[in-house]
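Using this note's numbering, the first residue of the sequence shown is number 1, and each one after it goes up by one.
Do not rely on the hints blindly, as some may be mistaken.
[Claimed, not checked] Cβ pair distances, simulated, as ranges:
1. S62 - S15: 15 to 25 angstroms
2. T45 - N78: 11 to 21 angstroms
3. N67 - E88: 12 to 22 angstroms
4. N38 - S62: 13 to 23 angstroms
5. S51 - R71: 15 to 25 angstroms
Hints in this document: simulated from the structure, not taken from any laboratory.
Being a predicted model, the structure only gives us computed values, none of them experimental.
The beta carbon of each residue, even a glycine, is placed where N, CA and C say it ideally should be.
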Amino acid sequence: LKNGGVLFGYEFGASCMDILVESGEMKCLLEGYGDFINYDPFSCTLKCSESGSPKVPPGVCSGDVENCTARTREELRNWHYQLEHALE
């Protein structure tokens, strides 16, 4: 799938939030819940425009997205990679 004619992809130096937003957009789309709206770190779920709140992987949930630790960044990159390949 393509987004606006461009394959999903984040910049190499992207923040954890950037990767989370990109991944959230893909996850909401894959689950059929429309567009990504927000992330709830307390329930570890995404808020999408349609009714549905898909969960994020445990490694993303337990990570520190705001401070973007190396471990959290790696978990986000792995999740992003899996989602990207699910869209192909």
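The hints, checked one at a time:
1. S62 - S15: 15 to 25 angstroms: 18 angstroms Cβ-Cβ, so the 15 to 25 angstroms window holds.
2. T45 - N78: 11 to 21 angstroms: Holds, at about 19 angstroms.
3. N67 - E88: 12 to 22 angstroms: Once the Cβ atoms are compared, 32 angstroms apart, the range 12 to 22 angstroms for E88 and N67 is violated.
4. N38 - S62: 13 to 23 angstroms: 19 angstroms, holds
5. S51 - R71: 15 to 25 angstroms: 32 angstroms, violated
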